[in-house]
Amino acid sequence: MKELIQKRGLPQLLSRQEMMDILFEEEYGHMPPKPESLRFEVVKTIPRMCAGNAVLTKLICTCEINGKTFSFPFQTVIPVGEGKYPFFVHVSFKDSMGDKYIPIEEIVDYGYAVLTVYYSDVTSDNWDFTDGLAGVLFEEGKRKPNDPGKIAMWAWAAQRVMDYAQTLGDVLDLSRACVCGHSRLGKTALFTAMTDERFNFAYSNNSGCSGAAISRGKVGEDVKFICGKFGYWFCENYFKHGEDVANMPFDQHYLVASIAPRKVLIGSSSEDEWADPVSEQLCCFAASDAFEKPFVCPDRPAEIGEMFLEGGIGYHLRKGCHYFSREDWKRLIRFIECH
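Read in the numbering used here, the sequence shown has 356 at position 300, and its numbers run on one by one without any break.
Keep in mind that a hint or two might mislead.
Label pairs and their calculated CB-CB ranges [unchecked claim]:
1) T125 <-> G225: 34 to 44 Å
2) W330 <-> D155: 35 to 45 Å
3) E299 <-> W330: 12 to 22 Å
4) K198 <-> R356: 41 to 51 Å
5) I360 <-> T125: 43 to 53 Å
6) E162 <-> S326: 17 to 27 Å
7) S152 <-> N122: 28 to 38 Å
8) K198 <-> E162: 40 to 50 Å
9) G197 <-> D77: 24 to 34 Å
10) Q62 <-> E299: 17 to 27 Å
11) E299 <-> D226: 49 to 59 Å
12) D184 <-> T118: 19 to 29 Å
No lab work stands behind these hints, which were simulated from the structure alone.
All C-beta atoms in this analysis are idealised placements derived from N, C-alpha and C, irrespective of residue type, glycine included.
With the sequences and hints as input, model every part of the structure.
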């Protein structure tokens, strides 16, 4: 793997702030401003979730941003009982805790809470920059080249959910907050953690290109393709790099390294060649020097079923396809418990 890193010609790690500044300017755009004000309203409580072991609460977050009002819903499931619970802020593909990617009862059985926000409730997953948060930020949907893409906007909403979590410090263990997501929302989870130090853990599941996979030499999805089809996830400055990835002033190890010294777990699946598990594992190697505990892994591609959870940055490879599975959640919980 060390030889492969050298062959791909990755730029050296810089200071955290230098790497963040490059990613703001060249890939994701700058974060939307923090709200001038915000409030949370409970709209529904279901007290007997998970066989009576948890409480589901539906809420509305209302923010003032750029002098305009913007609202979005989110949900919490918190175990019943005493003690402070570690928790996940999950950026979700569905607006229900019944999402196929959230085995909520098992998570509660492990003693964890989940706070989830549905990404399309924040802004649409398309080129429309006039709806939701995008409509508040941009006049007539027009962006400057370094203005935020949709990933930064979804990350902004996850940070507002973390704002709410901080009001529950008597119930939630704020020292064990983990932001997590799958695929494009795995990219979002990493960007959320990079820009918000309140998250001590981050988990990216199958995030691939422009997420946890090194772009230089990557197989499957590449920068040119993703900018052509999903360019609205990023700032417009990113588009120019699709034709010359080898000379980008950054690569995805900057994103992962910028979360250090907090903890990061990267999850891959064996059949997800579009995301490219080898390039995701390679990113862990390339970012390792930024962490207090280096990446603990043999100098070779991982085998199916292997987990490397001991370092400040961890990695696992499971059998199967592009999916946020129960096995992924169980390994994430093991990673948090290791630390």
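Verification of the hints:
no., hint, in the structure
1, T125 <-> G225: 34 to 44 Å, "27 Å, violated"
2, W330 <-> D155: 35 to 45 Å, "21 Å, violated"
3, E299 <-> W330: 12 to 22 Å, "21 Å, holds"
4, K198 <-> R356: 41 to 51 Å, "48 Å, holds"
5, I360 <-> T125: 43 to 53 Å, "49 Å, holds"
6, E162 <-> S326: 17 to 27 Å, "22 Å, holds"
7, S152 <-> N122: 28 to 38 Å, "31 Å, holds"
8, K198 <-> E162: 40 to 50 Å, "45 Å, holds"
9, G197 <-> D77: 24 to 34 Å, "26 Å, holds"
10, Q62 <-> E299: 17 to 27 Å, "24 Å, holds"
11, E299 <-> D226: 49 to 59 Å, "53 Å, holds"
12, D184 <-> T118: 19 to 29 Å, "22 Å, holds"
In this structure, the earlier hints numbered 1, 2 are contradicted, and the remaining ones agree with it.
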